[in-house]
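Asker: These protein sequence lines map, in sequence, to chains A and B. Sequential numbering of the first sequence, starting at 1, is according to the working numbering. Sequential numbering of the second sequence, starting at 274, is according to the working numbering.
Don't read these hints as lab results, they were simulated from the structure. Treat the hints with care, as some may be off.
What the hints assert, rightly or not - Here are the simulated EDC-like cross-link-like pairs (lysine to aspartate or glutamate), alpha carbons at most 16 Å apart as the crow flies:
hint: 1; chain 1: B; residue 1: K450; chain 2: A; residue 2: E70
hint: 2; chain 1: A; residue 1: K111; chain 2: A; residue 2: D221
hint: 3; chain 1: B; residue 1: K511; chain 2: B; residue 2: D521
hint: 4; chain 1: A; residue 1: K169; chain 2: A; residue 2: D184
hint: 5; chain 1: A; residue 1: K111; chain 2: B; residue 2: D280
hint: 6; chain 1: A; residue 1: K169; chain 2: A; residue 2: D185
hint: 7; chain 1: B; residue 1: K450; chain 2: A; residue 2: E116
hint: 8; chain 1: A; residue 1: K141; chain 2: B; residue 2: D280
hint: 9; chain 1: A; residue 1: K169; chain 2: A; residue 2: E146
hint: 10; chain 1: A; residue 1: K198; chain 2: A; residue 2: E18
hint: 11; chain 1: A; residue 1: K191; chain 2: A; residue 2: E270
hint: 12; chain 1: B; residue 1: K416; chain 2: B; residue 2: E562
Model, not experiment: these values are computed from the prediction.
So you can see what is in the structure, the chains are spelled out below.
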Amino acid sequence: MRIIPSRQYSPESIAVLERRHHGLYDRITGMGIHEIVIETPDHIANMADLDVRQIQHVIRAYAHRFRDLEKNSSLANILVYKNHGPTISHRHIQHTCSHILATPVRPRRVKEKLQEAQKYFEAKKRCLYCDVILQEREDGKRLVLETQHFIAVTPFAARFLFEVWILPKDHHCDFAEGIQDREDDLAGILKGILQKLKEGLDDPAYNLIVQTAPYRRKGDDYKWETLEKDYHWHIEIIPRLTQVAGFEKGTGFYICGIPPEDTAEYLREEETP
Amino acid sequence: MTELRRDLIMGQWVIVHTQDSWAPERYERESRHRERLSTCQFCPGKEFFTPPEIDAIRPEGSAANAPGWRVRVVPNKFPALRIEGNLDERQEGVYTFFNGIGAHEVLIETPVHDKNLAEFTDEEIAHVISKYQSRFTDLRKDKRFKYIVLFRNYGESAGATVGHPHSQIIALPMVPKYVLQELQGAQKYYEEKGRCVYCDILAQEYSDQERIITENEHFIVFCPFAPRYPFECWIFPKKHNADFSAIDDKERYALGRILKDVLSRMKACLNDPPYNYYCHVSPINSKGEDHEPPWCHGGKLDVSHCFHWHIEIIPKLTRTTGFERGTGFYMVRTDPRMAAGYLRAVSSPNSS
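Pulled out of the complex, with its shape left as it was, chain B reads as follows (with noise of 0.2 Å):
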């Protein structure tokens, strides 16, 4: 039996099997990234090999690029954008472009080469988080930058091309279409509502209590209920909050403990899949400047009453997205509500 199901915010339809639903073990496991030790960049004693740092954890006080550090973030060695310079809108015929103006950062998020984040102690996962949090802010400050991601990909046939632990962080001139379909979504949903969508779906979810994966004192974990991805998980902070950037010690804490928490259950439950995760934040910078086009800042968008920000998980078990990429219509084989049982029967680190 197959349903549709419209997703509240983006209005996206997608068919999801609820009976004869796949476990976990119908899905083909793919290869993950295994690089050879001894040609990683990233590990510690390679530090030249990257360009300088911007920043890092170094609680022995040792010298920027040489070893002694617990996280460290540096420029891409081969950017997607660049930063240097002005977008410079042309026109060529119908067509317009711009430079390619942007950020585009490593995290490496731990000195050793073959260790999981879902093994992260507490304090080294949270030190991941400061640096996610402090690189926000600091690029924030860029006044042509209007949105930044956070992102992780694991595992080769997830699109990661280093095997050394790591996330990036991509600083853009505008905000980006699928974020921006988001945040107008939740808009709409506002003005005719008078309520936040996001802490209504958390209130149906905790009603509901089928998707719920797991949870701590500010965070939720969930499978959404017209996800575009088999076993998908997203993570929300509990109280209303638009703004990542204003989470405090605690939170941070909180957040590396249920990411922790939700990545060694899927790497318990679905053999160590490739995933990637992503966060979606507000847009910064987004009162725009009068010389701005309006598509960069989103039409000067003001979501701080209507959205959470939040990190959404997809682990990689499907070989395709082709039909996907063409359509934007998405095929799931396994209904959220079971994919979060399989999720909450493996016992994590985490739970008492």
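So here's chain A without its partners, still in its complex pose (with noise of 0.2 Å):
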């Protein structure tokens, strides 16, 4: 395993941050930091193949990258991601890898998530999560795998067909911090959910994105206080079957055409090796 600085982006482009305006507009010189994490030293095109140990290598790799570059203090996001498929950028490159982008900003459906916990927090006094999870583990309808510390669901209002989340039993706001000791397990479960899509739907294209606590940082917008409470790392993966059209890029409003409870039990029954 090896991780390197993206080759797409000049070096200006990361190194300098510079706050500047153009009249009404905002922008920032720069992005931050690119690097990629190639996953395997053989050519293996899906995560679905590596197996269990390489994952697990690949997972502390993404937790090391988290707290390396928190010492930045330019940079006030961090995401993991994966593209497994054609996509603009790597068109070419079939060999398993993943992205890490830390930002000096954060992006919006990150922002999104955090009110939105912060926002259920402050009514419930719970975590937002926690209770999803204790409710998906009763109903157990959208329930595709359980292990001893994860879960992996379909989520109730899911964007797209066979979007999966897989959540931590344990309530932890910090992905790095969350999966200590738990790395084996996350990639037991999520060899097992990506083998599901991968044999269920003929190794479809798909995201993976990991939704953690953005760097806290003394001085930004955003209150603080109750975070390690209201918030619940988890990993997003969203297979790419369907195009989305001209009224979910206008609206944000999704149309998924099959019920999140039939797509779980889809790949529940979905046998893997």
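Bring the two chains, given one by one in their own frames, into a single complex with the hints.
Answerer: What follows is the structure in structure tokens.
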């Protein structure tokens, strides 16, 4: 396994972070840090085909980069994500890799997730995700896999067909800390889900995103007081089976053609080696 | 060289490549929809395949659900939402859900199966616009609906499932999230500065000039400063106007012309790309009823002083939106200044 800086961007793109304005508009020169995790020396295309030990190494590498990049105080957020299948920027690379993108700003959806969790906590004094996990384990309708420390479910308001979330049963807002001593278990459930998607849906293109607490910096615009209690890290896996059309792009409103209860059942029954 | 740019209204950041910006040729073309004519259910003579029509333009006074129409509006055969019933809010543990109430209509824009919207005559495209407007006005009467989305998918990879030229109209029982954030952003700007953010944006675009593609007496089209997609274009009314249904005859005509103009520029510049466009309008019935929960009318927003209705056009040039789907973070390989330059350089049928 190897981690390298992305060659897509020139060094000045990632080094300089300077806030400027242009009339009404705000801009920051540069974008932050972009690294590629080459997950294996073997030419394997899908993370689903790595062995559990290797996935465990990859997960440890994510956690390591989380902590290391935190030292750079100009960075406010870190994203770990995977694009499996053809994409615009890596259309010829078929060697399984992950991306690490650390930026001085927080992406919109990361902010929204934090805000929703905080709102729920303010109203109920409980973690939204802990409540979801409790209900999903009781219901079982949307449960795909369960291990000692994790569950994998299709979310109740899935935006995409066969969308799957992996949630840790233990409450923790931060991925890097939350997975300590749980790496093997996470690697196992992750491989299980990726294999089910690969076998059951004919090796679809997919995206994987680690949703975790951003770097907490003093003096930025977010209220951090309850974050450790209100947020719960998780992984989202989104197969790309349908096209996003004008309605979704224009409204942020998603039409999901199959109920998540049915996709969960299908994935549950998909047997993997 | 890259930079992060903040969308003034949504507050969202995007990554824009300001150097080594991709020219149109760098993008891979995806195949467009090619459907056999014989199986098309939107062609004249096949009217019985669609649900009975809601509205049509029939200049020679032909019978409903028969040939002789220019534009036809029918309910979607496979609707995402159904028209009958009430929301009936229910709770299941932590989750809330509702009946899928709404309207889902298809506007068949021409009887000619393979006519490109960019090649419609001024009169034909004005017919389409006038039907957008009349469906909007009609659906607004249903107090259950809080928002109407007018949109068009062109090409298979942009989500079109039928090749025959058509747009769609969806009436929703709530203001969708993306629109709500936009309206709240505009309202916040107004509260801080006492001005309409869209009027300010237009003023800056005029003074910068570099992102404007073209304009006519009533409308302007430009590439936004912080786009979500390469070659994204916005059509704005020049005059402050939050209400799409209030446009008059002249404006309708001018809108049709500028829409056609920008679509034909895209067609020439980007090799007839698949695309989506949609219209962002003000919420309807936004005063709300007492029994309605706040999420459906968006907190009784009044945006007449701080909003412009507008159209956003997004050519489908990149293969994935997966990263964007998960994070709401967008990476754009073409600087909007360059994109506007490419689109400006194309001669269009309307330019004299």
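Asker: A separate judgement is required for each hint: does it hold in the structure or not?
Answerer: For each hint, the structure was consulted:
no.	hint	result
1	B:K450 to A:E70	violated, 32 Å
2	A:K111 to A:D221	holds, 11 Å
3	B:K511 to B:D521	holds, 14 Å
4	A:K169 to A:D184	holds, 15 Å
5	A:K111 to B:D280	holds, 15 Å
6	A:K169 to A:D185	holds, 12 Å
7	B:K450 to A:E116	holds, 13 Å
8	A:K141 to B:D280	violated, 40 Å
9	A:K169 to A:E146	holds, 10 Å
10	A:K198 to A:E18	violated, 43 Å
11	A:K191 to A:E270	holds, 14 Å
12	B:K416 to B:E562	holds, 9 Å
Comparing the model with each numbered hint stated earlier shows that hints 1, 8 and 10 do not hold.
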